[in-house]
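Use the sequences and the hints to build the structure in full.
These protein sequence lines are chains A and B, in that order.
When we follow the working numbering, the leftmost residue of the first sequence carries the number 1, and every step to the right adds one.
When we follow the working numbering, the leftmost residue of the second sequence carries the number 1, and every step to the right adds one.
If you're looking for bench data, these hints aren't it; they were derived computationally from the structure.
Don't take every hint at face value.
Said to hold, decoys possible - No more than 30 Å apart at the CA atoms, straight line, and that leaves these computed lysine-lysine pairs for DSSO-like: (1) A:439 <-> A:525; (2) B:441 <-> A:220; (3) A:312 <-> B:190; (4) A:439 <-> A:367; (5) A:91 <-> B:9; (6) B:441 <-> B:479; (7) A:312 <-> A:91; (8) A:220 <-> B:479; (9) A:367 <-> A:242; (10) B:9 <-> A:220; (11) B:9 <-> A:242.
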Amino acid sequence: MAKAQRVDQRLMQEGRRTRGALYFGIGLGVAAGLLIIVQAILLARVVNDVAFLDKTLHDVMPLLWAMLGIFLLRAALSWGSEVVAFQASAKIKTYLRERIFSHLLTLGPVHAGGERSADIASTMIEGVEALEPYFSRYLPQMALVSLIPLAILAFVFPADWISGLILVIAGPLIPFFMVLVGYKAEAINQRQWQKLLLMSAHFLDVVQGLTTLKIFGRAKDEIEIVARISDDYRRTTMAGLKVAFMTSAVLEFFASLSIALVAVSFGARLLNNSVPFYTAFFVLLLAPEFFNPLRGLSTHYHARMSAIAAAKRIFEILDLPAPASAASRETLAPGAQISLSCHDLHFAYETGRVALDGLDCAIPAGKVTALVGRSGAGKSTLANVFLGFVTPQSGEIVVNGQIPLNALEREQWWRHLAWVPQNPRLFHGSIADNIRLGKPDATEQELRDAARQAYALEFIEALPQGFGTMVGDLGQGLSGGQIQRVALARAFLKNPDLLILDEATANLDMESEALVLDAIDRLAKGRTVVVIAHRLATAERADHILVLDEGRVVEAGSHQELLAAGGPYTRLVAAYRGDHGRTLASA
Amino acid sequence: MGELWRLLKLFAPYRGWILSGALLALLTILSNFGLLALSGWFLASAAVAGLGGIATQNLFNFFTPAAGVRGFATVRVVSRYLERIVTHEATFRLLSRLRSWFYARLEPLAPAGLQGYRAGDILSRIVADIDTLNNFYLRVFTPFLVAGLAALIMAGFFALFSWTVGLTLLLFLAVAGLALPLLTERLGAKLGREMTNINADLRVQLVDGMQGMGEILTYNAGPVVRAHAAALNDQLIQRQGRMSVITGWGSAGMGLLTNLGMWCIVILAIPLVVHGHLSGPELPMLALGSLAAFEAIAALPLAFQFLGQTREAARRIFAVADQPLPFADAPGPAPQPRRLDLRLTDVHLRYADSARPALDGVDLEVAQGSRVAVLGVTGAGKSSLVNLLLRFYDYQEGRVQFGGHELRDYPGDNLRRYFAVVSQRSYLFHSTVRDNLLVAKGDATEDELWEALAVAQLDEFVRAQPAGLDTIVGEGGVKLSGGQGRRVAIARAILKNAPWLILDEPTEGLDPVTEMEFLRDLQAVMAGRTVLYITHRLIGLEAMDRIYVLEDGRVLESGDYATLLRRGGQFTRFATFRGAFEALSAPQS
Numbered sequence: 001m002a003k004a005q006r007v008d009q010r011l012m013q014e015g016r017r018t019r020g021a022l023y024f025g026i027g028l029g030v031a032a033g034l035l036i037i038v039q040a041i042l043l044a045r046v047v048n049d050v051a052f053l054d055k056t057l058h059d060v061m062p063l064l065w066a067m068l069g070i071f072l073l074r075a076a077l078s079w080g081s082e083v084v085a086f087q088a089s090a091k092i093k094t095y096l097r098e099r100i101f102s103h104l105l106t107l108g109p110v111h112a113g114g115e116r117s118a119d120i121a122s123t124m125i126e127g128v129e130a131l132e133p134y135f136s137r138y139l140p141q142m143a144l145v146s147l148i149p150l151a152i153l154a155f156v157f158p159a160d161w162i163s164g165l166i167l168v169i170a171g172p173l174i175p176f177f178m179v180l181v182g183y184k185a186e187a188i189n190q191r192q193w194q195k196l197l198l199m200s201a202h203f204l205d206v207v208q209g210l211t212t213l214k215i216f217g218r219a220k221d222e223i224e225i226v227a228r229i230s231d232d233y234r235r236t237t238m239a240g241l242k243v244a245f246m247t248s249a250v251l252e253f254f255a256s257l258s259i260a261l262v263a264v265s266f267g268a269r270l271l272n273n274s275v276p277f278y279t280a281f282f283v284l285l286l287a288p289e290f291f292n293p294l295r296g297l298s299t300h301y302h303a304r305m306s307a308i309a310a311a312k313r314i315f316e317i318l319d320l321p322a323p324a325s326a327a328s329r330e331t332l333a334p335g336a337q338i339s340l341s342c343h344d345l346h347f348a349y350e351t352g353r354v355a356l357d358g359l360d361c362a363i364p365a366g367k368v369t370a371l372v373g374r375s376g377a378g379k380s381t382l383a384n385v386f387l388g389f390v391t392p393q394s395g396e397i398v399v400n401g402q403i404p405l406n407a408l409e410r411e412q413w414w415r416h417l418a419w420v421p422q423n424p425r426l427f428h429g430s431i432a433d434n435i436r437l438g439k440p441d442a443t444e445q446e447l448r449d450a451a452r453q454a455y456a457l458e459f460i461e462a463l464p465q466g467f468g469t470m471v472g473d474l475g476q477g478l479s480g481g482q483i484q485r486v487a488l489a490r491a492f493l494k495n496p497d498l499l500i501l502d503e504a505t506a507n508l509d510m511e512s513e514a515l516v517l518d519a520i521d522r523l524a525k526g527r528t529v530v531v532i533a534h535r536l537a538t539a540e541r542a543d544h545i546l547v548l549d550e551g552r553v554v555e556a557g558s559h560q561e562l563l564a565a566g567g568p569y570t571r572l573v574a575a576y577r578g579d580h581g582r583t584l585a586s587a
Numbered sequence: 001m002g003e004l005w006r007l008l009k010l011f012a013p014y015r016g017w018i019l020s021g022a023l024l025a026l027l028t029i030l031s032n033f034g035l036l037a038l039s040g041w042f043l044a045s046a047a048v049a050g051l052g053g054i055a056t057q058n059l060f061n062f063f064t065p066a067a068g069v070r071g072f073a074t075v076r077v078v079s080r081y082l083e084r085i086v087t088h089e090a091t092f093r094l095l096s097r098l099r100s101w102f103y104a105r106l107e108p109l110a111p112a113g114l115q116g117y118r119a120g121d122i123l124s125r126i127v128a129d130i131d132t133l134n135n136f137y138l139r140v141f142t143p144f145l146v147a148g149l150a151a152l153i154m155a156g157f158f159a160l161f162s163w164t165v166g167l168t169l170l171l172f173l174a175v176a177g178l179a180l181p182l183l184t185e186r187l188g189a190k191l192g193r194e195m196t197n198i199n200a201d202l203r204v205q206l207v208d209g210m211q212g213m214g215e216i217l218t219y220n221a222g223p224v225v226r227a228h229a230a231a232l233n234d235q236l237i238q239r240q241g242r243m244s245v246i247t248g249w250g251s252a253g254m255g256l257l258t259n260l261g262m263w264c265i266v267i268l269a270i271p272l273v274v275h276g277h278l279s280g281p282e283l284p285m286l287a288l289g290s291l292a293a294f295e296a297i298a299a300l301p302l303a304f305q306f307l308g309q310t311r312e313a314a315r316r317i318f319a320v321a322d323q324p325l326p327f328a329d330a331p332g333p334a335p336q337p338r339r340l341d342l343r344l345t346d347v348h349l350r351y352a353d354s355a356r357p358a359l360d361g362v363d364l365e366v367a368q369g370s371r372v373a374v375l376g377v378t379g380a381g382k383s384s385l386v387n388l389l390l391r392f393y394d395y396q397e398g399r400v401q402f403g404g405h406e407l408r409d410y411p412g413d414n415l416r417r418y419f420a421v422v423s424q425r426s427y428l429f430h431s432t433v434r435d436n437l438l439v440a441k442g443d444a445t446e447d448e449l450w451e452a453l454a455v456a457q458l459d460e461f462v463r464a465q466p467a468g469l470d471t472i473v474g475e476g477g478v479k480l481s482g483g484q485g486r487r488v489a490i491a492r493a494i495l496k497n498a499p500w501l502i503l504d505e506p507t508e509g510l511d512p513v514t515e516m517e518f519l520r521d522l523q524a525v526m527a528g529r530t531v532l533y534i535t536h537r538l539i540g541l542e543a544m545d546r547i548y549v550l551e552d553g554r555v556l557e558s559g560d561y562a563t564l565l566r567r568g569g570q571f572t573r574f575a576t577f578r579g580a581f582e583a584l585s586a587p588q589s
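As structure tokens, this is what we get:
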């Protein structure tokens, strides 16, 4: 409960962003409430005049015309508050979406956690959307729930204090009893909702596991289980709901009873001629309106609960600490060769796993350096350090022997490098868009050249739509090798000074594999290249090999040098070739 | 509307619940109408009697209408409460019925018939569709039925006093309840579709942004992608803004029509009062009653929204349920196999939606008791081989002999008894460890479960949990690591105790250390069983009697590990440093 309140407070703070619209919305609501009172006065006059003062339609027509005016005004107010309510939330929605997205981009791929992308996407779409009723309905209703009944009382009391008293007593009793029954009911209600969701999840579970069930020959039994579980949940849930529905029954009870009481008490006094009909009718018209805002509040209470659940997720993302960014003005001339040297790098992930443990290395300019090591040795982390996705907790990386990497602005540094991961991402759009990612203004000729260099031109032109073929999640599927080559074309077009790539493992068919390797060779020419090598052939062709183990470089040199040294690399190569019985002998 | 009829027919067994829920809803609305109409009449009558002096005062029957007012108030409270309970009870019953009906339809189709539905969230959308269908009763059927009946009854009541007044009420109810929601629905339809599309685009943009963030950043495309997402958001907000104008019209129109209805009725009734066709107290009765009458149609705008959704959902659900069986299952009796040898001769398998055959003339042999591996890249046809063996998909050409009989002659459920499968796709149910194990052997004793867990090396972990076997795994429970999940699959395989063991990339996605341990522990399960090991990496292949290298649905080469390595063919392409590290750290045999 305390937690929900904290989220409430934070949401209200966000609400300040559209304070104007919120207040305006509340104002419209209050105005509409006042008009209801005026309408009641007019209607009571008309009925009273006709039924008791023998007036004709012609006599009361001015009053009726006035009523028509009130109707139109009320309609306009109701329309206005709908539009204003939306405007109140629109600004917040846009602001939050923009802030979450830019925050995620600042966090970078390592900290933002790419695997939960679907979850993050729904937080940003449905989650942010779920806040709308909070700002557009719940908050204004909170204000109206006290303002409108007060306004009604202000008119009812002077007219008839007995009815006023009935309303004054019943009014606060409702929230009181609602709280009494409701606190418990709310808890039950929440639990039941949870259960309902669980039951839905169970069904999804069974459908998703259908193949597994079939393998075990259990799929047919599950029909009964599905029915049984649904029935079990129904029984327990209904037991809870019976209590939960009491909340609204309490509201109904007091509302209906108060109206009946007002009516009956007036009836008795009218019979005694101690109160005029006009007053009685006027109060009777207002009595239901007195309870309406409360009814509205209980409707929007659910909106509050889902808004708070959504807000929790949103704030969780926004609260992830952003890495410090460089403010320095160091610049790097474009087209210059790049060398890197690292000294005593230390890095541990939040989970406590140490990835770099005093790593020293040098990446020579214009050469291909291969990183070799077991999974978890620190290869990917080191690549992420070079890419600026991960900032070591200590140690330094120096570019070209003089500029510390952390003194360069990230965007500046990225301009000099290209990255081809193991499974490159094709974005939703055309193949041309994808290749132009880093250079949106590239000419047709440049585009084709890049594709040709990457051995991608032939297959792209063979597609019916050529470069215009839509790819990505909603587009045409390309094979693993084709995706690799599009990614390489992207890198060719960028013409980077530093190329970082994570070699694809054996997931390419034979033909693609040969083309991809050739394309990488071409791209590597004359540039500084860091490649995470998975194949011996790649390491062999590299100018320089770094063997990593437990977050450190344990051996460095060319293929020949390392073989001659007879160290870990030699043993590895022997094992690679399949003679790990005779590891040392083959060296 | 055909879909909705079908839905109603499906619900037929719960007629009683459905109708009593609706009846109570009707009673709730009518009692409110009664409460206000009677109160209006009662006050005015009492006033008339009061003005008439002592004689009329004494003649006036105070107690019947006063009791009526209190009665209507009580009925309203009680019927409202009961209505909610009965309709929810009915809703749950219908949901249960829908689920078991749908599941019974789905089961024979899986997995071949659901192939198109497996990817992404489509499966969860189907399940969400079922939940949507569930709204049909509570949010569509009941509101329409109740609104219709209530409108007729209330208008009929007014017609007792004046035909024109009754008709006027009916007319206004119809316009506000049917015409207005239909109009706003029509006005908003295009916007709604646009919003759905923009939402989908935005989602793609965001998922792209998350999954391709590294590339986006290093290509300095961050600002572009952000601008694109912002533009989509603006488009969305702009459509929503226009939609809010339309919904604004809708709610303003509803209020206006309610008031106008009352206004017209008052204008019609006043001359009747003046000319003595109606008594004075009947005027406030009609005025208050007409205002209360509009409660009957208050739920209709929402019902129209749900109507569209429900029809869409029903269409999709029936489309899934009505699919023809992908192939006929053998009727039985099941053939009696002798030795459980497998022999594939020139087998071709092509999936319905694919242009390229998945298996394109495969010859392969697995003798009972031997260990055979199938090696290939993604898409080479390895999984199709498993699908074929488990009779999840039919083969079009060639012969598959299992135990001396054609595979097709085995009924699927009978055939699958011979196979235990450990795969990365082995599904873990979000339930207890016990339930997850009982899937493999429903009548397993407590001891058997622990034994299986021990072989799978998971017993210590489960024992350490406070709830033991009743520990919930997955969401809302203890999260199992990838390795532990795979171990549950091993335990299941042990419980199933089948003569054949299919390992379908069993270590995919595990870290190297876990993988080594996992493969070591698999040995215990492999002992005494025929093993078919599907993989795309060299690890664990030394222990195999024969390895088939598969590419593009064909066998490229086959032989044992040493032979294939010596030959230096395609087999060696699968060598990686990771494999070498694993070989180095493996215990020397």
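Status of each hint after checking the structure:
no.: 1; hint: A:439 <-> A:525; in the structure: holds, 21 Å
no.: 2; hint: B:441 <-> A:220; in the structure: holds, 14 Å
no.: 3; hint: A:312 <-> B:190; in the structure: violated, 33 Å
no.: 4; hint: A:439 <-> A:367; in the structure: holds, 25 Å
no.: 5; hint: A:91 <-> B:9; in the structure: violated, 47 Å
no.: 6; hint: B:441 <-> B:479; in the structure: holds, 23 Å
no.: 7; hint: A:312 <-> A:91; in the structure: holds, 19 Å
no.: 8; hint: A:220 <-> B:479; in the structure: holds, 28 Å
no.: 9; hint: A:367 <-> A:242; in the structure: violated, 75 Å
no.: 10; hint: B:9 <-> A:220; in the structure: holds, 24 Å
no.: 11; hint: B:9 <-> A:242; in the structure: holds, 29 Å
Hints 3, 5 and 9 from the earlier list are contradicted by this structure; the remaining hints agree with it.
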